[in-house]
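Engineer: Okay, here's what each chain looks like letter by letter:
Protein chains: 2
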Amino acid sequence: MNFALPPKYERLTATTVTSYLDQHPSLAARLGGDRSAWRVEEVSDGYLNLVFLVTGSTGSVCVKQSLPHVRVDESWKLPLDRNRCERIWFEHVAPHVDRAIPDIYHHDSDRFILVIETLRPHEVLRTALIGGRRYPDFARDVGRFVANATFHTSDLFQRYEDKQEVIASLRHNDALHRIMRELVFQDPFFPSPRNHWTTPQLDDIVGQIHADPVLRLAASRIGYKFMTSTQALVHSDLHTGAVMATDGDTRIIDPEFGVYGAIGVDTGCFIAHLFMAYYSQPAYASAEDDRTAFQTWILEQIEIFWDEFRRSFLDLWRAKSGGDGYPAFVFADAVGAAALDAERERFLDEIWQDTLAYAAVKIIRSIIGYSHFGDLEGIADPDQKAASEAGALSLGRLLLVEPGRFASISDVTAVASKLQQQRRSAGSRLSFSSLKDI
Amino acid sequence: MNFALPPKYERLTATTVTSYLDQHPSLAARLGGDRSAWRVEEVSDGYLNLVFLVTGSTGSVCVKQSLPHVRVDESWKLPLDRNRCERIWFEHVAPHVDRAIPDIYHHDSDRFILVIETLRPHEVLRTALIGGRRYPDFARDVGRFVANATFHTSDLFQRYEDKQEVIASLRHNDALHRIMRELVFQDPFFPSPRNHWTTPQLDDIVGQIHADPVLRLAASRIGYKFMTSTQALVHSDLHTGAVMATDGDTRIIDPEFGVYGAIGVDTGCFIAHLFMAYYSQPAYASAEDDRTAFQTWILEQIEIFWDEFRRSFLDLWRAKSGGDGYPAFVFADAVGAAALDAERERFLDEIWQDTLAYAAVKIIRSIIGYSHFGDLEGIADPDQKAASEAGALSLGRLLLVEPGRFASISDVTAVASKLQQQRRSAGSRLSFSSLKDI
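One line per chain: the protein sequences are A and B, in this order. Residue numbering for the first sequence follows the numbering used here, starting at 21 and increasing by one per position. Residue numbering for the second sequence follows the numbering used here, starting at 21 and increasing by one per position.
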């Protein structure tokens, strides 16, 4: 892979970002006023990119630049091309998702800079969940968004030839997909040096995970599906840090891992991160709010998300056709229409199975793999952190080893809740729970 | 789609093919002697290409040229690029399949000419089966070939990045894939004007096929899998006309439909065509040979083919790794190795299910769809033709509506044989048989 920096590439700084914007009249006009008065705020917090918010007298933009390495590890080289892929994803889902993504103002393919709408006063969903703040619409909005983005880019709606074109244009995102495959499906399930966890508290559980062949097999199986399925254009990293919300609006950001893949990748990832937010809550309890009501609310949001996704996807499929998959004209008569409708339910059941497996793998990798996330990682007391993590890991393990026991989303939230009660009463003794224990 | 002919394209004739070869010293040298003495034989017999065999004093070559339309219907335009795709397929499987494909001598991307090894004294397998001639190794050879070609191009062995490169390079084969999807998974299952069949004999059966929503659903389901799976580089048109055999050698030709798809596409297609050869036999009976022993032999070959494919694929997977799917290092310990081996069996069981569904769809499309094939199409007496076709259609229907009843290849050959006996005793009354009838 070629990691040589292209000649025009220069890493932006809080100073150079304003001169860059000033050189582009449409962007400068959007900010308004004199460049010297623009306010720059660096908000890079992911693993991959530099991010600046720049505000002028009349407006604001968000400037995102690809770095040639992992942001937190300069020795881990990465190709820069990924924000071209991000742009491609935005462009292809935009016609189908109302205003669920930010506006794209500018893309510079020499400097790997993407300038997009600043989302304000939106809050990152993960931050809100850590803070115990409720956004009433996010679950329904994200459910509808995933249904719209995946249905309209699937073979149920899109022409096969158009899909092949997008697949070819996203090919150079290979390096990111390799990272994802290795860090998600492989490393967490065997003793890889890239893993880390809350030690010594979770050592025993991690040992059990690495000793259990059922877990690595389930992870490899869903990983293989991830590699060989081109069901729809998926976001592929739809965690709670990729969702920004206000009381009336929800937006999806950061699709640089976007790829044609299995639809369950997006539903599973989002559910996984909501469950991790759920298990992290006790650590954020205060005298005013013990967070038990908030936990119940999170479980409700998980159900709302899945139900909305499923209902929306089915509604879209019943209302629209045109793709090469299950062509409408073949099922035009009454018996055909009835058979196709039963098949739609089966199709969604298969996405459900993928969702469970992917959610489980994502939970496990977020606790014992390379990349961790703020809700659990931010818990200061290691014993409390490990207790929350053990609850989430128990759920993840059950979803992988006994998937047949979870026929509906309420089966999952019920078990999650029981595990949480059990964890509360278990004190510092951390272990896996099996379904017969709860 | 752009169907304008490129400036250098000129349709070869028996005359111009020799001057073309003469202009290429390496090809002329292979033929030997003077151009005026070269013997040209046009052997075009497929739906898509011109094919000439040219023989000189020391050697022979096979010249294949893409036509800008379906060979038998000049109004049906086709892009010419497909023999580039054919070359790509040959190049990518060549390192893994011993001598199971012809040597490639020359590819002209301006004139869409591919010059390959002449296979002599090989006979087209379909012709041999019509003639009642047995090649002792073909079933095992083709089984091993499919295992080698698909395993080595799958994510079990190949790097994901390399696979993505092949997928992108084959993208312009879209037009052929559209034809295949429409003619295989759609048209035969509803009243499309492109369908035709032996009429009036099969009218009632065709009516039943078009009335049965289970059949179109099963066809659409495997068609959807075909569109969304990138398991391996498949030949995608592996019928008995794409196999050439001698007593000691078997070769695979005509991969212009080659694409990344589900592995069951190749195993299913080959099995489908062997079953059609089986049902066609009574029409070719003579006083010396009633073909019943030959029919039994064909069923044995079907079993040998599948068993060899399955065994070879498993052996390859156990012996080799390196791909991103089920990475070997994750399953290196004893419990991991045991779990992975069980998963391999499950993996092959899934290919088996795809094989059954695809074989069934291929049988049905070859009898009532657009493209028909010589073994059944060549039967002169329409009643006898329809009787053979009804037997094959009955098997195809059973495989689609009761797939759970066929756990192994011998379950399929046993039912095929019973259907054939039943057909013999039924006389001219043609209808579908259900499993309880036989």
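Keep in mind the hints are simulated off the structure, nothing from the lab. All figures in this text were calculated on a predicted structure; none of them were measured in a lab. Each residue gets a CB set at the ideal place from its N, CA and C atoms; glycine is no exception. One or more of the hints may lead you astray.
Partner residues aside, some chain B positions facing chain A, computed with beta carbon under 7 Å [claimed, not checked]:
{"no.": "1", "residue": "P213"}
{"no.": "2", "residue": "K245"}
{"no.": "3", "residue": "S249"}
{"no.": "4", "residue": "T250"}
Engineer: None of the hints should be skipped; say for each whether it holds.
Structural biologist: Hint by hint, here is what the structure shows:
no.: 1; hint: P213; in the structure: 12 Å, violated
no.: 2; hint: K245; in the structure: 9 Å, violated
no.: 3; hint: S249; in the structure: 6 Å, holds
no.: 4; hint: T250; in the structure: 5 Å, holds
Violated hints, in rising order: 1, 2; the structure is consistent with all others.
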